[in-house]
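K.L.:
With chain H held as given, fit chains B and E onto it using these hints.
Each chain, letter by letter, is given below.
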Amino acid sequence: MSSTSSRARVAPLRTPRRPEGKKLHFLSSPKKSPVLTLVTGLFVVYCLLPLIWLVINSTKTQADFVSTFGLAFGDHFALWDNIVEVFTFQGGIFSRWLLNTVIYVVLGAGISTFLAALGGYALAKHDFVGKRVFLLTVLGSISVPGIALAIPQFLLFAQLGITNTPWAVLIPSFINPFGLFLMWVFSAQAVPDGLLEAARIDGAGEFRIFFTIAFPLLAPATVTVLLFSFVSIWNNYFLPLIMLKDPNWYPLTIGINQWNMLGSTAGNGALIQNLVITSSLLTIVPLVIAFLSLQRYWQSGLALGAIKD
Amino acid sequence: MRKKRIGAAAAILASVVILSACSAPDSSNEGVVVPTDSPLTLTVWSWDGTVKDAVPGFEKKYPNITVKVVNAGSSIDEYHALDNAIQAGSGVPDIAMFEYFSLPYFAIPGKLADLSKFGADKLSKDYVKGAWGNVTLEKKPYALPSDYGPAVMFYNQAVFQQAGIASPPATWDEFYDAAKKIRALGGDHYITNDSADIFLLMSMIWQGGGRPFSVDGTNVTIDFKDKGSKAAVDFWQKLIDEDLVNTKVSNWTDDWNRGLNEGTIATQLIGGWLTSTLPERAPDAAGDFRVAPLPQRQTGGEIGSENGGSAMAIPEASKNKAAAYAFLKYFTHDAGLKIRVEKGGAFVPNLSVLEDPEFLSAQSDYFGDQKYNEVLATAAEKVGTGWQYPPFFEWARTAYADVAAPFYDSRQGSLAGVLQTWKEKSVAYGNEQGFTVK
Amino acid sequence: MNFSKRRRAGLAFVAPFSVLFLLVFIIPIGYSAYLSLFQNRLIGGNSFVGFDNYAKLFRDPQFWDGAIRVVSFTAVQVPIMLLSAMALALAIDSLRLYGTRFIRIAVFLPYAIPAIVATLMWGFLLGIRYGLIGSLNNALGTSFNPFTPETTMISIGVMVTWAFTGYNMLIFYAALRAVPRELYEAAAIDGANEWRIVRSIKLPALRGSLVVTIIFSIIGTLQLFNEPKILTSLVSNSGITSYYTPNIYAYNLAFTGSQQGYAAALALVMAVFTIAIAYIVQIKGMKNVFDK
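Top line first, the protein sequences correspond to chains H, B and E. Positions 1 to 309 (the working numbering) are the ones given, in order, by the first sequence. Positions 1 to 438 (the working numbering) are the ones given, in order, by the second sequence. Positions 1 to 292 (the working numbering) are the ones given, in order, by the third sequence.
For the record, the hints were derived by calculation from the structure and aren't laboratory data. We put the beta carbon where it would ideally sit given N, CA and C, even for glycine. Treat the hints with caution; some may be incorrect.
Computed footprint of chain E on chain H; a stretch qualifies when at least three of its residues, placed anywhere within it, have a C-beta under 8 Å from a C-beta of chain E [unchecked claim]:
{"id": "1", "stretch": "167-178"}
{"id": "2", "stretch": "206-215"}
{"id": "3", "stretch": "254-262"}
Here are the simulated DSS-like pairs of lysine-lysine, each with C-alpha atoms no more than 30 Å apart in a straight line [to be verified]:
{"id": "4", "chain 1": "B", "residue 1": "Lys438", "chain 2": "E", "residue 2": "Lys56"}
{"id": "5", "chain 1": "H", "residue 1": "Lys131", "chain 2": "E", "residue 2": "Lys5"}
{"id": "6", "chain 1": "B", "residue 1": "Lys227", "chain 2": "B", "residue 2": "Lys248"}
Isolated chain H, as found in the complex (with noise of 0.2 Å):
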């Protein structure tokens, strides 16, 4: 009785009470405010009016678009006729690095999650020589500016013979060392010592435990790390291009700069800002789509990965 009585203020209770009334409204079904939509919606609209103005612009052609204004559409609609000419410029290499950019995420997104789960998996229940070391090292690799490994890797890559093909963005993207740090938190609380040393108990081997037990319970984190590594790799555009010097396995982030060059240097490059956009907006709507498809799994991903004080 008197454990009960001094752990009654913040203990969560057994046979819990219904909560008095209005006391409590504010917890269960709280009023809706609509100062704080509205305000939160101007956040929104900084969000959006970008996206907002990509799909505008999308539809107008090159001329329309040098004159005129922003937000506006132009005197043509011409999205369908933009994406069409994205398809077909310089004989369709748009298709190519579309495809390119899909093994590139599909492989890298892939490998460097599954990595990062045996790796972060090991950190959280294992114990092995040079630990803290690797763990050390490992987060503070992610300090270290691309600008620092990038021609060094360059250079060793060349040695390899596999710069200019796809390798040369491969491998990098197979480590995913923030994917690392996540799964071991992630390791750490949601795969119960308990289980695994029943297993072991049962004389199942440490591989086959890891695969049947605790994989699955690392699924809302792999979806996380999964999803994350395939943005970045998506988005990835600084190693692309010092890696690869061949269009036909240029990343779609590297092919539109370059057609965004072609207009902005000095020279008879072509004026192509309308394909710019359109391929733009292209190039984002796998991403999108990928995002409102998974939302549940990242979601929940992120709330079990959380750190707690």
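P.N.:
This is chains B and E only, laid out in the frame that chain H set:
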């Protein structure tokens, strides 16, 4: 098969002997033995879209050769890539595109093949003097010119009429008067724009007779105080001081496109190659723009200068130099040239094209049926000679932007001061890099 | 029991990651450190100069100009962004908003946009003559220019905040969702009103994620590169120089100036500096996260 090869080799040998005996110029690949038996792939780096037009004809002539034209980046992006590839020892193309000012950087340290080995020095008379001067170092050609940018004046005739200017200014003094009349139209009207545009300034100095850079091997001298340079700089300073030039708009930006489109930028002093993209940049001004020669220092003067233009060279590290030269000559000099001009609209410094009546009579609705190539051809032939670029121009160009932008933004200081600071920085950098610069 | 076998298994788990990490990070960093000891000259090739590059770096006014700029930028932008993210997360968690699903997606969307596209969009939108700002200026009679040497960093701040607030907001929101509801009920029974709950329960619950987001935001913002680099070809007179941020300076040194050794030294100095800051924040923040 073997007989055929011996026969072919003998034919080549014979033709070399015959041709070297007579000294008439011809366009065969004298002294160049192009492998014709085994399959070969040539990689060409070019952001110029007209090169690929020459590929089918060449591949027909040499069925064993496949040519891949790749856009490895525009301008400085491609130079970075080339440097990286040369340093790494792999991925070096067989032919690469260079703007004229970037050639010394690659040629002086020996990164480009000396084309006189393939007989290129015999081609000198086929190009305008200015272009040939750009591709030669110590009298040896390291590249062949592939397009050209004689500096001309594009002007919006409708705006001129609106301002009461009857004919395009023929001298810089007339240009100054015209500038005042256009500014008087009010609003954002200016005769032209300039925001730290190094090529504009260089082209005006060049035309005025200034030769600020002199290069002798690794010895470089920089001097912006010679008579021609000073005259051009002082003139431009006057225009900036009197708010006759729009210093808020840079070339190649969206603002620039719109300014040309609306007529608030009335002229452009720029390379003739703008004919190909001006219609896209300023569609609403169709029929209004015309081309005229650059204003002169004195009435009746006829000196031109350059603003841009490119050449193609063969990196020393290429493994297919003979075959590469064959293609290079094909699309910058022989049959491939004509295709590029007709199909792609390339503006080239080859006299065979510039003196071709068909070329000279070209017209377009955009330029109001003016025979603009006549103006461009004359300008190309009149380019003043003796200009040199320093061998670290890409660096210098970036440094110029750093130094000049604050001046154009705040108008504090002077253009001459900017050039002095730029010179000092270039001297420091050049010396640090192993050149002897003063 | 079979601890040595467990240990070996542990190593086997991290082996694939480690091997690639060696190839992609350790060796290049080592090589970078090696390169930083050499001076590269266009004429005369490379020569060993020991720590000269580092000494030169500390005397280089262009380096300090860029370094001070990013540090000041980080000191202002990160708090603004994280405070906005927290406020948004709290607002959404309060359940007082209409359309929370839509708001979450909308605010997060900018994160998915590649830098090249984002910079293009903002570059056009903020254009003084023909963008939104231009029209606002015309309507209000003002002449505000978001891309002058004085205002460019503010505009870049607008872009960076736009891109990452949603991402940080979701991290905070997830942390809030993890708070057991019973805590709220207990507090409410004790008479706490909503603001009190925010102060005493929600904000402390965010402490952990705040430390993490601060660290990663600082790391990311100190490496500012994409936005200024892409903007140079879009806008005039913006004040963006070839040494605007340390990363841009390193890039230009390495590629335009052919001074790879010097660029390597610069990048390594920035890396050490960033790691030091991250470590300090972590020490001052939470200790127990890394003690697991």
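K.L.:
Does each hint hold? Answer for all of them.
P.N.:
Now for the hints, and whether the structure bears them out:
With a cut-off of 8 Å between beta carbons, the stretch 167-178 of chain H has 5 residues touching chain E; three or more are needed, and the interface restraint holds. Remark: the stretch 206-215 of chain H is confirmed as covered by chain E, as 3 of its residues place a Cβ nearer than 8 Å to a Cβ of that chain, reaching the required three. Here the stretch 254-262 of chain H counts 4 residues with a CB under 8 Å from a CB of chain E, which clears the bar of 3, and the coverage holds. Only pairs whose Cα atoms come within 30 Å are accepted, and B:Lys438 paired with E:Lys56 is accepted, the gap being roughly 22 Å.
About 16 Å separates the Cα atoms of H:Lys131 and E:Lys5, which keeps this hinted pair within 30 Å; it holds. The suggested pairing of B:Lys227 with B:Lys248 holds, with an alpha-carbon distance near 29 Å, which does not exceed 30 Å.
Every hint from the earlier list agrees with this structure, and none is contradicted.
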